[in-house]
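Participant: Take a look at the letters that make up each chain.
Number of protein chains: 4
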Amino acid sequence: MNAPDVFLANEVSGTLPDVQSRADRREIAIQKVGVRDVRHPVRLRGSDGQTQHSIGTFQMTVALPPEVKGTHMSRFIEVLEASDEALDATTLGKLLDTMLARLDATSGAITVQATYFRRKVAPVSGVASLLDYGVTLHAERDHAQRVLRQTVDVPVTSLCPCSRDISDYGAHNQRSMITIGAELRGDLTLDEQIAFAEHAASCQLWGLLKRPDEKYVTEYAYDHPKFVEDLVRDVAVALRGESRVAAYTVASENFESIHNHSAWAWLEGRNP
Amino acid sequence: MNAPDVFLANEVSGTLPDVQSRADRREIAIQKVGVRDVRHPVRLRGSDGQTQHSIGTFQMTVALPPEVKGTHMSRFIEVLEASDEALDATTLGKLLDTMLARLDATSGAITVQATYFRRKVAPVSGVASLLDYGVTLHAERDHAQRVLRQTVDVPVTSLCPCSRDISDYGAHNQRSMITIGAELRGDLTLDEQIAFAEHAASCQLWGLLKRPDEKYVTEYAYDHPKFVEDLVRDVAVALRGESRVAAYTVASENFESIHNHSAWAWLEGRNP
Amino acid sequence: MNAPDVFLANEVSGTLPDVQSRADRREIAIQKVGVRDVRHPVRLRGSDGQTQHSIGTFQMTVALPPEVKGTHMSRFIEVLEASDEALDATTLGKLLDTMLARLDATSGAITVQATYFRRKVAPVSGVASLLDYGVTLHAERDHAQRVLRQTVDVPVTSLCPCSRDISDYGAHNQRSMITIGAELRGDLTLDEQIAFAEHAASCQLWGLLKRPDEKYVTEYAYDHPKFVEDLVRDVAVALRGESRVAAYTVASENFESIHNHSAWAWLEGRNP
Amino acid sequence: MNAPDVFLANEVSGTLPDVQSRADRREIAIQKVGVRDVRHPVRLRGSDGQTQHSIGTFQMTVALPPEVKGTHMSRFIEVLEASDEALDATTLGKLLDTMLARLDATSGAITVQATYFRRKVAPVSGVASLLDYGVTLHAERDHAQRVLRQTVDVPVTSLCPCSRDISDYGAHNQRSMITIGAELRGDLTLDEQIAFAEHAASCQLWGLLKRPDEKYVTEYAYDHPKFVEDLVRDVAVALRGESRVAAYTVASENFESIHNHSAWAWLEGRNP
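Protein chains in written order, with my numbering: chain A, 1 to 272; chain B, 1 to 272; chain C, 1 to 272; chain D, 1 to 272.
Honestly, the hints are just simulated from the structure, not real lab data. Bear in mind the structure is a predicted one, so any value in this text is a computation, not a measurement. One should not assume that every hint holds.
Computed spacing ranges between beta-carbons, pair by pair [said to hold, decoys possible]:
1) D:Glu85 / A:His143: 46 to 56 Å
2) D:Arg244 / A:Glu67: 50 to 60 Å
3) C:Arg244 / B:Thr106: 52 to 62 Å
4) D:Arg26 / B:Thr106: 53 to 63 Å
5) A:Thr189 / C:Glu268: 32 to 42 Å
6) D:Arg270 / B:Tyr169: 38 to 48 Å
7) A:Gln50 / D:Asp37: 21 to 31 Å
Per the computed footprint, the stretches of chain A lying under chain B, defined by three or more beta-carbons under 8 Å from a beta-carbon of chain B, are [unchecked claim]:
8) 67-75
9) 195-208
10) 214-227
11) 255-266
Listed next, the stretches of chain D that the computed footprint assigns to chain B, with coverage defined by at least 3 CB atoms under 8 Å from CB atoms of chain B [stated by the list, open to error]:
12) 33-39
13) 50-64
14) 120-132
15) 145-152
16) 254-263
Think of the CB as a built atom: it goes at the ideal place given N, C-alpha and C, for glycine as much as any other residue.
With the hints as constraints, model all of the structure from the sequences given.
Facilitator: See below:
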C-alpha cells in the first residue's frame with residue numbers, strides 16, 4: 001500500500017488557497033464526512049484463502065472536529081488508489097488505519113459493498129454453477145475503539161407453514177433475502193456466514209438446476225416450511241453459540257408470492 | 001388548461017440573450033429533447049369514470065430540427081403546470097397537442113408513469129383491500145401521425161407446471177410481473193387491461209387475505225400452473241381478438257423462488 | 001378509524017388451524033416483524049392545514065415475544081385499510097396505537113415514505129411551479145415510551161467555495177440532497193423543516209425558472225458558496241435553537257459535477 | 001468453451017416428464033424468452049488487449065416458435081457456466097452462437113451490462129486514478145442476420161451556455177450521463193467509444209483531482225459551455241464519419257443543478 005507519486009502531488013497544490021483548512025466558528029462537530037458511491041475494483045478473500053475479483057462501492061468518512069472547516073476529499077480517493085490488498089474485515093481495518101492517518105483523524109469508517117460468488121453443486125445432478133451474494137464489509141474506529149462488521153445478503157426460498165397446513169395441496173413459497181450482520185471478534189469466512197442463512201431457509205438456491213434437482217428443491221422446501229419469523233430465529237439460534245461473533249443482526253425479507261408487498265423480520269443479539 | 005400569468009413571464013426574459021434560439025450549423029436533427037424525471041401530481045381516470053389521485057413521473061420531449069440550437073426547457077414545465085385535466089390516454093394526447101403548440105414543434109411525445117390502485121375483494125372472506133399497479137401512459141405525434149399507448153404492470157402469482165408434475169408434493173411458485181403495453185384505437189380502461197393479466201396468471205394477488213382466502217389462492221395457483229411462456233401467450237390470446245387494441249406487447253418477469261435470477265418472456269402482436 | 005366488516009372477517013378463519021398462534025420454544029425475541037413495501041394512498045397535512053394527496057410506502061412492525069411463534073400479517077393491512085385520517089407525525093402516532101392494540105403488541109413502529117409538493121414562486125419572474133420533496137414519517141413505541149420522527153429530503157444547489165476561490169472564473173456546482181431527520185416534541189410543519197435546508201443551501205431549487213430567474217439563481221449560488229460540511233452545519237445551527245425538535249440528524253449528499261461519486265456529510269445533535 | 005460434465009447432466013433428467021417439450025396449440029410465437037438479471041463474473045477486453053475483471057448482469061433469450069410449449073431455462077445458465085472467454089462484442093457474438101445451438105434456436109439475443117474502469121491522469125498534477133463507466137454489450141441474431149451493439153455510459157460535466165451568458169459571474173453546471181450506443185461493423189474499443197463522449201463534454205471527469213486540477217476543470221468547463229443538445233450533436237458529428245459504426249444512438253441526461261429534474265436529449269443516426 002504505497003503510492004508516493006500520489007501523495008507527492010499535494011505539494012503542487014501549495015500555491016493555491018487551502019479553503020478547507022481554515023478555522024470554523026460554528027462550534028458544530030460533524031460525525032461523518034467524506035465520499036460515497038465510489039466504485040473501485042476489489043478482490044474479496046474467499047474461504048479457501050483464494051481471492052476473487054469484484055467491484056466495491058465505497059463510503060469513506062472521518063469525524064471532523066468543530067474548529068476545522070472542511071476535510072480533504074481527494075485524500076480518500078488517494079488512500080483507495082494506493083491500496084492493493086485483498087479485502088476482508090481485517091484488511092479493511094488496516095485500510096481504515098491508513099485512511100485515518102492520511103486524513104489526520106482519530107475517528108472514521110469505511111463501508112464497502114460488493115458481490116461475492118460461490119460455486120455450488122446441484123443437490124441431485126451434481127452440476128456446478130455460481131450463485132451471487134451481496135457482501136458488506138464495515139470497519140469503524142472511534143479513537144481506540146474499533147468495530148469490524150461483516151454482512152451477507154443471502155437469497156433463499158421460504159415456504160409458508162400456514163399455507164401448507166390449511167391447503168389440501170400446494171403451499172405458497174417465494175424468494176427471500178436473509179441479511180446477517182456480524183460484529184466480528186474472530187475470523188468468520190463469508191462462506192461460513194452465508195451457510196447460517198442457507199441452513200435456516202426452507203431451501204437454499206442454485207443458479208443451475210436440472211429436473212431431478214428441481215424435484216428435490218420443490219419437495220425439500222415443502223418439507224421445511226418456515227415463517228419469516230422462523231428464518232431469523234433459526235439463524236439466531238446458530239449465531240447464539242458462535243464465539244467469533246460479538247453481536248449480530250438478522251433480517252429476512254420475503255417477497256410474498258401472494259401479495260405485492262413483503263413480509264419482514266429483524267432481530268439483534270449480543271454474545272457474552 | 002390556461003395559465004396566462006405563466007406564459008406572460010416570457011416577456012420578462014426579453015432583455016436577456018436567448019441563446020437557445022440561435023442558429024445551429026452542425027446539420028444534425030435531434031429526435032427527442034426535453035425534460036425527464038419530473039414528478040407532478042396527477043389524477044388518473046378509473047373504470048367507473050371517477051378519478052384517483054396519484055403522482056406522475058413525466059418525460060416530455062420534442063423533435064428539434066437541425067437548424068435550431070436548443071429547445072426551451074422551461075416551457076415543458078409551464079405546460080405541465082397549466083394542465084388540470086384528469087389523465088387518461090385521450091387527455092394525454094390533448095396535453096401533447098398543447099405542448100407541441102407551445103414549443104413550436106411538429107413532433108414530440110409525453111410519457112407519464114404513475115401508481116394506480118384498485119379495491120379488490122378477497123375470494124372467500126370478502127374483505128376488501130387495495131392493490132397497486134404500475135401504469136404508463138404514452139402519447140406521441142410525428143406530424144399528423146399519432147400513437148397512444150397504455151401500459152400496465154400487474155403483479156401476479158405464477159406456479160411452475162414442471163415443478164408440479166415432477167414433484168410428489170408442492171410446486172415452486174413466485175411473484176411475477178406481467179406488463180401489457182397496448183397501442184389504443186378505442187377506450188380501454190385500466191381495469192380492463194389489468195384484467196387480461198390477472199386472468200392469465202396462476203393466481204391474482206390481493207393486499208389482504210384471511211386464512212380461508214390463503215387456502216383458496218394456494219390451491220387455485222396449484223390448479224392453474226403456468227410457465228412464463230404460458231403467461232404471455234394467454235394474455236396474447238385475449239388481446240388477439242380485442243378491436244380496441246391496434247398492437248400490443250406482453251412481457252412477464254418471474255422472480256424465481258428457486259433461483260436468484262428471473263425467467264422472462266416477451267412477445268408482440270398487431271391486430272388487423 | 002373503524003372497519004367492522006374487515007375485522008369481522010377473522011371469525012371466518014376460525015375453523016382453519018392458526019399456525020402463527022402456536023408456542024415457540026427457541027427463546028428468541030424478534031424486535032421487529034411485519035410488512036414492508038406496502039403502497040397505499042395517503043393525504044399529507046401541509047403547512048396551511050390543508051391536505052394533499054400522495055402515495056405512501058409503509059413499513060409496519062411489532063415486537064414479538066420469544067414464546068409466540070408468529071405475528072398475524074394480515075392485521076397490519078387491515079389497520080391500514082381502516083385508516084382514513086390525513087397523515088402527520090401526530091396522526092401516525094394514533095395509527096400506531098391502533099395497530100399495537102389490533103396486534104396485541106406493546107412495542108412497534110410505523111414508517112411511511114411519500115412525496116410532498118410545495119408551490120414555489122420563482123425569485124424574479126414570479127412564475128409559480130411545484131417542487132417535490134421526499135418525506136418520511138416514523139412513529140415508534142416501546143411500551144410507554146414513544147418517538148415521532150419527521151424526515152425531509154430537500155434537493156438544493158451547492159457551489160464549491162474552493163473551486164470558486166482558486167479559479168479565475170466559474171465554480172463547480174451540483175444538485176445536492178439535504179436530509180433532515182427531526183425527533184419532534186412539538187408541531188413542526190413540513191414546510192418549516194424544508195425551509196431549514198433551503199436556507200442553508202448555496203441556492204434553493206424551483207421547478208420552473210425563466211431567464212431572469214436563471215440569472216438570479218446562478219449569481220446567488222456563486223455568492224453563497226458552501227462545502228458539504230457547511231450545508232449540514234448551517235442546518236444544525238438553526239436546529240440547535242429549535243425547541244420543538246428534541247434531536248436531529250442532518251445529512252447532505254453532493255452529486256459532484258467534477259467526479260462520478262458524491263461528497264457526503266452527516267451529523268447528529270440533541271437539544272436540551 | 002466446453003463443459004461436458006454440465007451437458008451430460010441432461011441424461012439424468014431423462015426419466016422425469018419434460019413438460020416444456022410438449023406441443024402448444026395457441027399458435028402464438030414468443031419473440032424473446034429466457035433468463036434475466038443473472039449476475040456472473042466476466043472479463044472485459046480493454047483497449048490495450050488486456051482484460052479486466054468485472055461482474056456482468058446477463059439477459060439471454062431465444063425466439064420460441066408457436067408450436068413449442070417452453071424453452072429450457074437451465075441451458076442458458078449452462079452456456080454461461082461453460083464460457084470462459086474474455087468478453088467483447090465479437091466474443092459475445094460467439095457465445096450467442098453457442099447458446100442458439102444449445103437451445104435449438106435460430107434467433108436470440110444476449111445482453112450483458114458491466115462496469116468498466118479506465119485509469120486516468122489528472123490534467124495538471126498528473127495524479128492517476130480510476131474512473132468507472134457503464135458498458136452494455138448486446139449480440140442478437142435473427143436467422144442469418146446478426147447485430148452487435150456496444151453501449152457506453154460516460155459521466156461528464158455539462159455547463160449551461162445560457163446561464164453563463166446571462167449571468168455576471170458563474171454558470172450552473174452539473175453531472176451528466178452521455179450514453180452512446182454503437183452498432184458495430186468493425187473493432188471499436190471501449191476507450192475509443194468513451195472518448196467520443198468525453199471530447200464532447202464541457203469537461204470530462206476524474207476520480208481524483210488536486211487543487212490545481214480543480215482549478216483547471218472549473219475553468220475548462222466555463223470555457224466549453226454546452227447545452228444538452230450540444231452534447232449529443234457533438235458526439236454525432238464525430239460518429240457521422242466513423243466507418244466502424246453502422247448506426248448509433250446518442251443520449252445525454254443532465255442532472256440539472258438548478259432543478260429537481262433532468263434535461264435530456266436523444267438522437268439516432270446511420271452511416272452509409
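Participant: Determine for every hint whether it applies to the structure shown.
Facilitator: Going through the hints against the structure:
Taking the beta carbon of each, Glu85 of chain D and His143 of chain A are about 51 Å apart, inside 46 to 56 Å as hinted. Separation of Arg244 of chain D from Glu67 of chain A is about 58 Å and conforms to the stated range, judged on CB atoms against 50 to 60 Å. Judged by the Cβ atoms, the range 52 to 62 Å given for Arg244 of chain C and Thr106 of chain B holds: they are separated by roughly 55 Å. Checked against the hint of 53 to 63 Å, the C-beta distance between Arg26 of chain D and Thr106 of chain B comes to roughly 42 Å, which is inconsistent with it.
One distance hint, 32 to 42 Å for the beta-carbon pair Thr189 of chain A and Glu268 of chain C, holds here, with the actual separation near 34 Å. Between Arg270 of chain D and Tyr169 of chain B the beta carbons are some 57 Å apart, a value that contradicts the proposed interval 38 to 48 Å. A hinted range of 21 to 31 Å holds for the C-beta pair Gln50 of chain A and Asp37 of chain D, which are about 27 Å apart. Counting residues of the segment 67-75 of chain A whose beta carbon lies closer than 8 Å to any beta carbon of chain B gives 0, which falls below the threshold of three, so the coverage claim is violated.
Interface restraint, the segment 195-208 of chain A with chain B: holds (4 residues with C-beta to C-beta distance below 8 Å; minimum three). By the rule of at least three residues with a Cβ nearer than 8 Å to a Cβ of chain B, the coverage given for the segment 214-227 of chain A holds, with 7 such residues. Using a Cβ-Cβ cut-off of 8 Å, 7 residues of the segment 255-266 of chain A lie near chain B, which meets the minimum of three, so the contact claim holds. Counting residues of the segment 33-39 of chain D whose beta-carbon sits less than 8 Å from any beta-carbon of chain B gives 7, enough to reach three: the coverage restraint holds.
Beta-carbon proximity to chain B at under 8 Å applies to 3 residues in the segment 50-64 of chain D; the threshold of 3 is reached and the given coverage holds. With a cut-off of 8 Å between beta carbons, the segment 120-132 of chain D has 0 residues touching chain B; three or more are needed, and the interface restraint is violated. A stretch counts as covered by a chain when three or more of its residues have a beta carbon under 8 Å from one of that chain; for the segment 145-152 of chain D and chain B the count is 0, and the coverage is violated. Proximity of the segment 254-263 of chain D to chain B, defined as three or more residues with a beta carbon under 8 Å from a beta carbon of that chain, is established by the 4 residues found.
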